[in-house]
Amino acid sequence: EQCRQPFFVFQVVCVGLWSLDDMWYYSLFTLGMILLFEATVVISRTRNLRLLRDMMGQPTNVRVLRDGHWELSLSTSLLPGDLVSVTRDKHDPDAVVPADILLLNGSVVCNEAILTGEATPQQKTSVS
Numbered sequence: 409e410q411c412r413q414p415f416f417v418f419q420v421v422c423v424g425l426w427s428l429d430d431m432w433y434y435s436l437f438t439l440g441m442i443l444l445f446e447a448t449v450v451i452s453r454t455r456n457l458r459l460l461r462d463m464m465g466q467p468t469n470v471r472v473l474r475d476g477h478w479e480l481s482l483s484t485s486l487l488p489g490d491l492v493s494v495t496r497d498k499h500d501p502d503a504v505v506p507a508d509i510l511l512l513n514g515s516v517v518c519n520e521a522i523l524t525g526e527a528t529p530q531q532k533t534s535v536s
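Using the working numbering, read the sequence shown as starting at 409 and increasing by one per residue.
Since the hints were made in silico from the structure, they are not lab data. The C-beta atom is built at its ideal place from N, Cα and C for all residues, glycine as well. Some clues are possibly wrong.
Each pair of labels, with its calculated beta carbon distance range [claimed, not checked]:
hint	residue 1	residue 2	range
1	M464	V517	18 to 24 Å
2	D475	F418	55 to 61 Å
3	G424	L460	36 to 42 Å
4	L510	E409	37 to 43 Å
5	R474	F445	47 to 53 Å
6	P506	V535	18 to 24 Å
7	K498	P414	56 to 62 Å
8	S485	Q413	20 to 26 Å
9	L460	D490	22 to 28 Å
10	L436	T484	47 to 53 Å
11	V517	L473	47 to 53 Å
Assemble the whole structure, with the sequences as input and the hints as a guide.
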């Protein structure tokens, strides 16, 4: 994708023209710099994508009310309108539910750092 950008194509064409005009030393240096720069851009983009994927967190099992009964489901399979039971786990008190939900009853501590950039978790209360 990076090699199809108009400016990159223009630079490669210029390198070709310079090499035809007996400026091969200049064209080789420019081609090396272009390839080095494009490689650093690609490496930087892949590193940033990897960091974003790592920040997402792992999907967790949640209790969901569907078709009138509670079932265990992954947080990645939640649908709009699902009722989710969020309780404190005795075995893992720091468990998280990576989902955007409306709190109907109770209160939670919510870390919205990925969404808002706030450094500290916020106390959220129910709408009722």
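Now for the hints, and whether the structure bears them out:
no. : hint                     : in the structure
1   : M464 to V517: 18 to 24 Å : holds, 19 Å
2   : D475 to F418: 55 to 61 Å : holds, 59 Å
3   : G424 to L460: 36 to 42 Å : holds, 37 Å
4   : L510 to E409: 37 to 43 Å : holds, 39 Å
5   : R474 to F445: 47 to 53 Å : holds, 52 Å
6   : P506 to V535: 18 to 24 Å : holds, 21 Å
7   : K498 to P414: 56 to 62 Å : holds, 59 Å
8   : S485 to Q413: 20 to 26 Å : violated, 38 Å
9   : L460 to D490: 22 to 28 Å : holds, 25 Å
10  : L436 to T484: 47 to 53 Å : holds, 50 Å
11  : V517 to L473: 47 to 53 Å : violated, 23 Å
In this structure, the earlier hints numbered 8, 11 are contradicted, and the remaining ones agree with it.
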